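Peer 1: So the protein lines, in turn, are chains X and W. Each step along the first sequence adds one to the number in my numbering, with nothing skipped, and position 346 is 346. Each step along the second sequence adds one to the number in my numbering, with nothing skipped, and position 42 is 42.
Hints listed in this document are in silico derivations from the structure and should not be mistaken for laboratory results. From a predicted model like this one, the values you see are computed outputs, not experimental measurements. Each residue gets a CB set at the ideal place from its N, CA and C atoms; glycine is no exception. Heads up, some of the hints might be wrong.
Stated by the list, open to error - Footprint (simulated), chain W over chain X, 3 or more residues, beta carbon under 8 Å:
#1 77-87
#2 112-123
Claimed, not checked - Under 8 Å between C-beta atoms, here's a sample of chain X residues computed to sit facing chain W:
#3 N107
#4 Y136
#5 Y232
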Amino acid sequence: MSAFINGIGMISPQKTVETHDFLEEIVEYDSGYLKCIEPVSYKPYIDPIQSRRMSRLIKMGIASAKMCLNESGCTLPDAIITGTGLGSVEETEKILATIHLDQPFLNPTPFMQSTYNTISSQIAIQMKCHNYNSTYVHRTFSFESSLQDALLQISEGSSRNVLAGGIDEMTQNHLVITRRAGHWKNGVFKNLEMLSWDSPGSVAGEGASFFLLSEDKNETTYARLRDVKTIYKPATPGEVIQRVYSILAACGLVTSDIDLVLLGINGDNRTDPAYRTFARTAFPETPLAYYKHLCGEYHTASGFALWLASNILKRQTIPGILRINDLQCNPLRNILIYNQYYNVNHSLILVTI
Amino acid sequence: MPQRVYITGIGMISSIGNDTGAALTSLIEEKSGIGEITLLDTVLKDKYPLAEVKLSNEELLEIIGNSGKTNFTRTALLGMVAAREALNASGIEIPGKYKTGLISATTVGGMDRSENFYKEFLADPSKGHLIDIVNHDCADSTERIADFLGITGFMTTISTACSSSANSIMLGAQLIKAGFLDRVVAGGTDSVTKFTLNGFNTLMILDKNGCRPFDENRAGLTLGEGAAYVVLESEELVKAGNKKVLAELKGYGNANDAYHQTASSPEGTGAYLAMNSALQLSGLNPGDIDYINVHGTGTQNNDLSEGVALQKIFGEKPPPFSSTKSYTGHTLGAAGALEAVISVLSINHGMLFPNLRFETPMKELGITPFTKVIMRADVQNILSNSFGFGGNNSTLIFSKMNG
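Build the full structure now, drawing on both the sequences and the hints.
Peer 2: Written as structure tokens, this is what we have:
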């Protein structure tokens, strides 16, 4: 099972929209919430009459999907698969704000847009795409599940080109709630100083990413998605490392073949030490990098990591802003992405040239 | 030759019974679970009926053998009850030497608790019990079920509106065929919430008198709650263990109507494509289908669109069809799995369960559902439809195991 990444659309808290640059200008935050830098206009992606009624999440979803398809040249994918941890938070909150009133809520639009499958289905409606369509909603497995399903559809032979992505948004209310629950740091924290943080909590983020995964390589190919694995509540840290070995072995690789490990370090001292132990144990001499200081923490942040890995392999350069150590590797052939969520949901994504 | 995929266990809880045995009795006695609202605290209480599971959360906790206070959501509790029944019925042991996965579906997740949190929170952002909101997301119920059953392998959660759990079963089958898993517990769970009831109310598609699928005078759907799971196992495992098979999952299809966020196309394009691809995969002809468990929500739009698609595939004389939502209400994320379990019951008991409350044929269609239990010793193939908002349409085909 593998697929070529032949197009990407990425809306993130960095300048990743409508640019050929690759992290040449870094956006700094100190508010505890890294907000997406959306396209100046959605007009190139969505009919303005339609977009007026769409929520921000749906607009970001459709726009990133269109960017991805435009780049790949694919006009009609054989499958559309989205992962989202929380779906349309904004629309859900609109309904929750009113249902306790004595008068029932009357505007149907928020309910119509609140269902988790809205992104996948709106993309299908926009493109008149009748093919396979699904949505995964499992915390930090959401994006990974959409990639796994994409690989499955391609290996089954039912699809040649699959549009797969991950999308999540943050709202002011949800930020307050998740801060109360201890997810985020209080006070001013400069995102670019994340590696020096030593306290509980991360910084909130969001993003919309879509990838065109194809059976065949072509002139727009970035990289090759080789394997995606999710691990639930590993009994020991060693279990994750064992899974790394088995994934690599299945691709005929060993740990020394990995040229870069992208770690989901997020500045939370409850989980960051586990990433460092993982890297020290399995990859003591491998270049290491991190990325959540640029996109924040969210359920589908692995989408940002896959965007990074794809660009690093295509451009054969690791932006300095990502580096944890100074080890070098040339050429860059194999990248491993490792993410985990409160030591419950762990995921591994292997990307190669 | 790809592996065949078999169903070796089923479990369900819904308004027509707390397990499959109780459900079977209600189905045979033509007893609907739709009635006055008794549990949900809502301003719409006297306006609409619901198909509630007639157990409080405390009673559900007792069923799963947990007497202590927990923060389980109703969605998780319903899922645990049904998934355990399916697992026990299949007789598989966890942990075991085989790769076992859990694929669950839900459309509201832990909304039954988070909607209460928001009431206090919105009045004062420092208020509201966090314990009511931390299980809001859809993965929570899946992970609770996994922990309860001891499943630690592959797991994920699907949310494609009203076709969610049909897609769980489809994904489970695909993962087994690809050799990625040996067996899968697949299904879905949803509780009724103020959120969904109010949401459907804004769309004005709730029937004040209980849903009447495929009736000329139908006035909308009736919401229900419940959970259902099937245990899927590979052909290899079934043969090696000489296991009793309840049915074969012979076909599945997933297509998108690509028409409108909440309305189905008048031509039933997505419905037609889903049924067609399931039939193709199964190698069966429309004439081989003995019974269709239709999506049949009772809304003007769905039943017309689905009816047109049925006629396109099965012609003017389709096999007997019915919407068992007339019993269970529309259980959203659980509906596909609930109807899968009912289909497996039909195959194993040689009985087809009717479309309750049907009176008047639809003007636009030449086909009508049956209204009394049909006893038929030989039910070979059943086609079951699950269609959702966003045009997410899926079809499953279940077949009797011969020999």
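Peer 1: Could you run down the list of hints and mark each one as holding or not?
Peer 2: Comparing the hints with the structure gives:
1. 77-87: holds (count 4)
2. 112-123: With 10 residues in contact (Cβ-Cβ under 8 Å with chain W), the coverage given for the segment 112-123 of chain X holds.
3. N107: holds (6 Å)
4. Y136: holds (6 Å)
5. Y232: holds (6 Å)
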